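As given, the protein sequences belong to chains A and B, one line each in that order. Sequential numbering from 1 applies to the first sequence in this note's numbering. Sequential numbering from 192 applies to the second sequence in this note's numbering.
Just so you know, these hints were derived from the structure itself, not from any lab. There's no promise every hint is true.
To be verified - Listed next, with one range per pair, are the computed distances between beta-carbon atoms:
(1) A/D177 - B/A200: 38 to 46 Å
(2) A/D177 - B/R307: 22 to 30 Å
(3) B/F328 - A/E133: 35 to 43 Å
(4) B/E323 - A/T75: 32 to 40 Å
(5) A/R147 - B/G285: 19 to 27 Å
(6) B/N236 - A/P144: 53 to 61 Å
(7) B/N236 - A/D146: 54 to 62 Å
Unchecked claim - Stretches of chain A that chain B covers, calculated by requiring three or more beta carbons in the stretch to come under 8 Å of a beta carbon on chain B:
(8) 15-26
(9) 119-127
(10) 146-159
(11) 165-175
From a predicted model like this one, the values you see are computed outputs, not experimental measurements. Quick reminder that beta carbons are idealized off the backbone N, C-alpha and C, glycines included.
There are 2 protein chains.
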Amino acid sequence: MAQNPERRAALLDAAIEVLAREGARGLTFRAVDVQAGVPTGTASNYFGKRDDLLNQIAPRIYARLGPDPEAVARTLEEPPSKAIVVRFMHELMGRVTADRTGYIALLELRLEATRRPEMREALTAMLRPEYEEAIRFHLDSGLPGDRTTVSVLYFAMLGLIVEHLTTPDAVAADTLDALVDGIVDRVVPEG
Amino acid sequence: MAQNPERRAALLDAAIEVLAREGARGLTFRAVDVQAGVPTGTASNYFGKRDDLLNQIAPRIYARLGPDPEAVARTLEEPPSKAIVVRFMHELMGRVTADRTGYIALLELRLEATRRPEMREALTAMLRPEYEEAIRFHLDSGLPGDRTTVSVLYFAMLGLIVEHLTTPDAVAADTLDALVDGIVDRVVPEG
Chain A
1 MAQNPERRAA
11 LLDAAIEVLA
21 REGARGLTFR
31 AVDVQAGVPT
41 GTASNYFGKR
51 DDLLNQIAPR
61 IYARLGPDPE
71 AVARTLEEPP
81 SKAIVVRFMH
91 ELMGRVTADR
101 TGYIALLELR
111 LEATRRPEMR
121 EALTAMLRPE
131 YEEAIRFHLD
141 SGLPGDRTTV
151 SVLYFAMLGL
161 IVEHLTTPDA
171 VAADTLDALV
181 DGIVDRVVPE
191 G
Chain B
192 MAQNPERRAA
202 LLDAAIEVLA
212 REGARGLTFR
222 AVDVQAGVPT
232 GTASNYFGKR
242 DDLLNQIAPR
252 IYARLGPDPE
262 AVARTLEEPP
272 SKAIVVRFMH
282 ELMGRVTADR
292 TGYIALLELR
302 LEATRRPEMR
312 EALTAMLRPE
322 YEEAIRFHLD
332 SGLPGDRTTV
342 SVLYFAMLGL
352 IVEHLTTPDA
362 VAADTLDALV
372 DGIVDRVVPE
382 G
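Between the sequences and the hints, there should be enough to build the whole structure, so can you do that?
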């Protein structure tokens with residue numbers, strides 16, 4: 001199996017493009033090769049089976065969408081506060097908006113998980129630690145609120161992201177920034 | 192164009208099954224005819240163009256997923272309270288869980304909206320009044336909270352539904368009922 005890490009990442013990025021544009025049924029090795037501009041057979045050489053390709057896409061999306069650890073560390077040098085949570089949530093929304101394709105591909109994987117148990121297991125194995133880590137990070141950083149705070153924040157942001165990426169004008173009477181502010185304001189207690 | 196309303200609804204239900212099972216790319220007139228067990232050409236006779244079929248699916252899903260108006264009216268004979276909001280949200284989750292297929296098909300339509308502007312317009316034209324109506328209903332019923340309360344509740348429930356339908360075990364440490372309770376508890380003020 002071919003192992004050049006940069007080439008592997010480039011193929012996964014091409015797969016993310018195909019997934020977002022064509023849906024899960026459009027994701028073939030051939031489509032990934034064309035998208036990546038590489039010779040036919042390259043993606044198949046790297047991933048062997050389509051399932052293996054699919055299972056490696058979600059971690060790649062999270063690597064793309066994750067915050068800069070140094071920026072997070074700098075922010076946490078300030079005293080923990082509700083204002084910091086507001087900033088983190090705006091930064092999260094900024095990253096999602098900047099990488100629409102990545103997040104839409106993740107939603108495609110979620111729908112694929114409703115059809116294929118292996119996909120559901122692979123996605124669950126990735127998302128469960130993300131959820132628990134989000135809770136641990138919030139509490140360990142001394143940010144205001146408890147486990148339920150982070151849980152409700154997690155779902156409200158997930159819902160807002162789904163809405164904003166798919167039908168942004170359905171709630172257009174409220175701006176995206178105001179919606180993020182509203183979520184944090186109502187869910188997170190004063191520090 | 193053929194107009195039997197029951198046949199039309201049955202064809203839309205068949206389209207919802209195909210959409211949830213195969214994704215948007217799998218939704219063809221032929222697949223709908225097979226799913227509905229009707230002669231080839233029937234769906235095409237009813238909907239003419241695939242776009243017209245797609246645009247009629249979302250209203251059908253909402254008709255399936257909506258609450259029983261009489262049950263809502265009975266509940267509202269009690270004094271408005273946070274407890275009533277808890278009940279409404281559990282009932283919403285109950286309807287979604289009972290009609291997984293309908294809601295997954297709606298998520299497919301949302302993803303299709305990221306690709307096709309006409310789909311985004313049709314879905315927005317349906318979702319925007321739903322959102323405004325949810326706010327109006329809450330406030331007019333005297334339920335506790337303001338516009339932002341309903342907005343945050345809307346997104347938190349949307350996020351929880353997406354999570355529960357696609358990767359239910361990712362947050363399995365918390366039960367679904369406890370998550371619904373947590374959302375209402377944190378978002379809705381005491382009455």
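Verification of the supplied hints:
With their beta carbons about 41 Å apart, A/D177 and B/A200 fall inside the hinted range of 38 to 46 Å. Between A/D177 and B/R307 the C-beta distance comes to about 27 Å, which sits within the given range of 22 to 30 Å. Between B/F328 and A/E133 the beta carbon distance is about 37 Å. The supplied range of 35 to 43 Å therefore holds. Our hint of 32 to 40 Å for B/E323 and A/T75 holds, since their Cβ atoms are close to 36 Å apart.
Between A/R147 and B/G285 the Cβ separation comes to about 25 Å, which falls inside the hinted range of 19 to 27 Å. Between B/N236 and A/P144 the beta carbon distance is about 60 Å. The supplied range of 53 to 61 Å therefore holds. B/N236 and A/D146 have their C-beta atoms about 58 Å apart, which keeps the hinted 54 to 62 Å range intact. Coverage of the stretch 15-26 of chain A by chain B holds in this model, with 7 residues showing a Cβ closer than 8 Å to a Cβ of that chain against a need of three.
Under a criterion of three residues with beta carbons nearer than 8 Å to beta carbons of chain B, the stated coverage of the stretch 119-127 of chain A is upheld, 4 such residues being counted. Figure legend: the stretch 146-159 of chain A, annotated as covered by chain B; annotation consistent (10 residues with Cβ-Cβ distances under 8 Å, at least 3 required). Coverage of the stretch 165-175 of chain A by chain B holds [criterion: at least 3 residues with CB-CB distance below 8 Å; count 9].
The earlier numbered hints are all upheld by this structure, with none contradicted.
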